[in-house]
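A.B. asks: Spelled out, the chains give:
Number of protein chains: 2
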Amino acid sequence: MHQMFYQAPLKVLMLCMFCLPQVMHADALVLLGAESMEIPSTWVRPGAAIIRCESILKSNVVQSCSRWLQEQQYRPWHLHTLKLLPLNPVPSDIEISRAQTPKPIDQLAAEIGLLPEELEPYGRSKAKVRLSLLDRLHSQPDGKYILVAGITPTPLGEGKSTVTIGLVQAMSAHLKLNSFACLRQPSQGPTFGVKGGAAGGGYAQVIPMEEFNLHLTGDIHAITAANNLVAAAIDARMLHEATQSDKALFNRLVPSVNGVRKFSPIQISRLQGLGIHKTDPASLTPQEVSAFARLDLDPSKITWHRVVDTNDRFLRKITVGQASTEKGQTRETGFDIAVASEIMAILALSDNLGDMRGRLGRMVVGTSRSGKPVTAEDLGVSGAVAVLMKDAIKPTLMQTLEGTPVFVHAGPFANIAHGNSSVLADKLALKLVGQDGFVVTEAGFGADIGMEKFFNIKCRASGLKPNVVVLVATVRALKMHGGGPNVSAGAPLPREYIDENLSLVARGCRSNLRKQIQIAKLFGVPVVVALNAFRTDTPAEIDLVCQIAKECGASDAVSCQHWSQGGRGCLELALAVKEAARQPTNFQFLYNTEMPIVEKIRTIAQKVYGADDIEVSPEVQRKIDYYNHQGYGSLPICMAKTHLSLSHMPDKKGAPTGFVLPIRDIRASVGAGFIYPLVGTMSTMPGLPTRPCFYDIDIDPVTEDIIGLF
Amino acid sequence: MHQMFYQAPLKVLMLCMFCLPQVMHADALVLLGAESMEIPSTWVRPGAAIIRCESILKSNVVQSCSRWLQEQQYRPWHLHTLKLLPLNPVPSDIEISRAQTPKPIDQLAAEIGLLPEELEPYGRSKAKVRLSLLDRLHSQPDGKYILVAGITPTPLGEGKSTVTIGLVQAMSAHLKLNSFACLRQPSQGPTFGVKGGAAGGGYAQVIPMEEFNLHLTGDIHAITAANNLVAAAIDARMLHEATQSDKALFNRLVPSVNGVRKFSPIQISRLQGLGIHKTDPASLTPQEVSAFARLDLDPSKITWHRVVDTNDRFLRKITVGQASTEKGQTRETGFDIAVASEIMAILALSDNLGDMRGRLGRMVVGTSRSGKPVTAEDLGVSGAVAVLMKDAIKPTLMQTLEGTPVFVHAGPFANIAHGNSSVLADKLALKLVGQDGFVVTEAGFGADIGMEKFFNIKCRASGLKPNVVVLVATVRALKMHGGGPNVSAGAPLPREYIDENLSLVARGCRSNLRKQIQIAKLFGVPVVVALNAFRTDTPAEIDLVCQIAKECGASDAVSCQHWSQGGRGCLELALAVKEAARQPTNFQFLYNTEMPIVEKIRTIAQKVYGADDIEVSPEVQRKIDYYNHQGYGSLPICMAKTHLSLSHMPDKKGAPTGFVLPIRDIRASVGAGFIYPLVGTMSTMPGLPTRPCFYDIDIDPVTEDIIGLF
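For the record, the sequence lines run as chains F and X. With my numbering applied, the first sequence closes on residue 929, and no number is skipped along the way. With my numbering applied, the second sequence closes on residue 929, and no number is skipped along the way.
Hints are computed from structural coordinates only; laboratory data are not their basis. There could be a bad hint or two in this list.
Intra- or inter-copy, both count: the list cannot distinguish identical chains.
Unchecked claim - 25 Å max Cα-Cα, derived PhoX-like pairs, lysine-lysine:
hint	residue 1	residue 2
1	K609	K322
2	K536	K546
3	K797	K609
4	K609	K466
5	K520	K536
6	K842	K520
The task is simple: from the sequences and hints, build the whole structure.
C.D. replies: This is how it looks when you write it as structure tokens:
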């Protein structure tokens, strides 16, 4: 008999001996009961595997195939790449995205070695990938780990996402090197606020870009729901404690169900935290009942905020509880943008489901009147939060315009959060590309912000060591750092940015670019500078940047034209990165976490930002003392600082010196596992401008095409 | 040659003549070049189709199969049903759900005649269905349309969802009648607040119940995001108008891009609304500039609330805008539960994407200082809102415990919203079951609430006519209506509810049950009473209910045991419904929409609730006058009333008379298309109790099993 079936990721044919010649396109042939037969090479396509199988039971065949498949996993992928025919002038991002038909996501998954049971499709062009993949591939060596960071950007952004995508398009589609991009999921705030997508742009994009930029697979919505469940639990608990006796509280918290009272497991966890090792509710003393039933949260010391994924500035500071049903328990609080939630940071830094569950339980939401930290576990809500996050922990697979794989996972906003994509996405991708492959991951904003946190927080959490830093620069940003006039969104660009101006470029290179290269090299990782070339850049300007970059310590410096040309425009960068990845690295953290909190902050301020010193107010010092007392002193540091300058002053461009960094406030994200100093005035909730970009966005009711999304 | 391929929804085999006998399980055989060959009946399974095809080009074969498929669509489905082996005692809902392995959702889709391109899978057990299906099947006659409603419930709920699911399990899996259940997506508020799932329960459930009860396919998250984008746009716009001159506003709203100024289409739509038929920004007079640029919203007359899908009582009444960046523009407002958003009502009532887009634009968010309604279209945000809702408009396909199809779409909360699942889900299901099939859809709470709105609002919007009302009753609720003691969540049930008490039952039947039957018959639709039997009900009690129900005008009355037995326990009900659906109906609306608003409210109050009259305050009358002036006078009415009594007083059980219904407030949902009177005190945001059910919910980090979700 012969019969075709799919043992994805390969097309496999079971054949009887009569019909063999017809199967020219299979990846593998399973020969049943024909152990010794010779297969003429013209019968099968080059590279196809021959699997000989004595039994004709389908289950055995599937087993043989699976085993064989596992052995074969780590060869170069046979990617069906999507052809690009770039137009000039370059159309809008959504037009380019819509003009390309993505591969079915299960086809891409099969091409890169995923088994069908490891995939959870969400529509036809995105899918979540199960973490069981990490177990299956645990013995597989990792690929090379490439970080894309940038110089200090203008408010317009300098194209780190497009470089990331252009680079993997060049590697996978043109150089036939297995490569994966790991991107962050964009917030809907900017999508509908100030123009600017996060899916890349031009001919270096993730497609379909509208799915990337809208709900994706719902991770940020899950974070919002989880974050706000914790918030509702806090206020409701304070109300119930304020209006009930110890006994009434206890009776409600541990109700008699069919005559039986028992603690739920999460309540036993709280009891153990209180040092009460009892499991029978009746055996608690009145003091123990009170200690268990009262979190006794101090309303003025609640640190947990609600979140929305909308630029809603009127929620920055609000008063809640003003309905009569809340009995006068009003309180000032605020909303942050959802991606700034501690739950987003936990998602990004978790290593597995158990790790995430543990971190969610450790989240500190406030302080009791007696000064003890109160956690999500104490509130009894952390299990439910983990349940809300159970799908969000799986990275989402999408593809670039050229059909190469991309993981999208976890969050943006490197100024107010750590701003890196997830540890899990990077780890999965490193296994999937195999040891000769490349994973390109992106850190938000300038290297002083996103990259510093990538190294000191994310790599510390993951144990992964990066091989190369790609530092993205533009002539535009370099001219600004060299002393060019102010650049702002919406306003026309001054002439200096359109005409050749070598002296501005040179001054920008010798200040900000040099400093950012030095920062990367502090961590012992080679740097390749990627000049994201614009139409108005002159050859002399481009050459000058590349020359000075190399003088300043970059392993290489090249220009890239991915925006107008796709992967083909990034070939030089791809080769430079491949070359740099051969260099030995000497990766090291900037500080030891056992250093005192103030010293860790000072180290970052001086070595990374170039500050003379830091200024710590008595209030901040008091909080630091409290954190030390609570045992949080050895957490790493996640600075919240403007991305528009190496300093805390957005208008100080280049490489400012002679300043003292003011630490305005400090918070602890105990679940995420970092201390979070706020430098200067940092808003955790953006606002909408007079004309948000939603004015241009609509849907065609007949074709269902989206209009005006970038 | 022979070769197997899937032309879903059918398993199709292309065969060479040597190997035919092996293909016993195919739905169809494609014979290539063997037009006249006889196929012995033992070769194929009963009912399989034989498609003869001269060409062996695969594309032609696929075409032939598709054509054949379309012709065959409307026969009885060949559902692969899932076997149930009910345990006694009945395990928890999540244990029952987890013990059953759902069919792959694409298999179910294929079985009920969906084409692969009409399906968008979300994971392995749920998928969105594209609306293009309606076009493909537009000439197909509809199936029978069955509404499940209930008597006035206790606070514990009486099992309408389980009856709905048990009924389709009986019809599809046991009687082999094509049938579809159309359910509402549950809110996460109750899921984590007070125990009670919405996926049904016991052996009549939608599976996997945790996916049903958590994020599903993200529709409520999309509604939340869309609703809150509108809210952010309102407050930001008021701020920008308060701080800028007409000219500055206009220049920002219509900026010069590369030297060209133009209106976006949504701005032209606003201009036309203002009676300004110009397209060149430069040609507007200063008066026109001012009229265009200033919405001039009156902060005290903003009716739009923010929403979260969390029981967060502290957000019922809040003050926003207290950060210094908002320049003193503080304002009192509040959050509602997400499912109460007007956008949810629009989702449920929309007929297609264009209809939804139109309704979203017509949503009124507040009133200008000069008394004009201001819409989402005026804010420029309705296109973006439609984009956020583009996937939510597609119903989600899931399955029951016995593998029969279910649509989940749109929203709950029939007390404060209209509380019905979507028009689109019902329409798609009516086509899919075909003319001999049944669609069972559910209306929230008692027939006075959900059913009245189903008829007067949803059926008016859809044009569909129901064939049968199934009225769900329990002995427990009937005893309460007969004068039994108070029933409340969490407290043990009084003895009256456990021991036989025929006089309480009889009094409950002759008050509330009789009244609810009469209400259904007001609309000219036959009623079948379904007594959802509990373990403690005695045969005499059950017989009594069925006997009185028939005396009161029910076509039939039967008891059902679906909770403990699945579809098998609902066979009698299924047969009764099938029989009742043969009766001619004389469906009519309760009121003509052209009646004055007050008369429409009075009609509902008197004929449905049994009130003597209504009481309309001068403030409400003033608003009604305003709505009439604005042309909203002919919208239907969506009452917001307690679900715990036919009256506005939750403790008045049975069939209260001699009361006057107070209309406390009245609102207009112009986009959804109804006027929304508030009766008595209705909260649009539930709260969390002292011990929310999240205390029991957790996830096993190793097996990924969810624990404690009902």
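A.B. asks: Decide, hint by hint, whether the structure agrees.
C.D. replies: Results of checking the hints against the structure:
1. In the homo-oligomer, the alpha carbons of K609 and K322 lie at most 25 Å apart only across protomers (21 Å), although the nearest pairing inside one protomer, at 27 Å, exceeds that limit.
2. Taking the closest pair of Cα atoms, K536 and K546 come within 25 Å of each other both inside a single copy (21 Å) and across two copies (12 Å).
3. In this assembly of identical chains, the alpha carbons of K797 and K609 never lie at most 25 Å apart, being 36 Å within a copy and 42 Å across copies at closest.
4. For a Cα distance limit of 25 Å, the shortest separation of K609 from K466 qualifies neither inside one copy, at 35 Å, nor across copies, at 51 Å.
5. In this assembly of identical chains, the alpha carbons of K520 and K536 lie at most 25 Å apart whether taken from the same copy (15 Å) or from different copies (21 Å).
6. Taking the shortest alpha-carbon separations for K842 and K520, only the intra-copy value of 12 Å comes in at or below 25 Å, while the best inter-copy value is 43 Å.
Against the hints set out earlier in the document, violations occur for numbers 3, 4.
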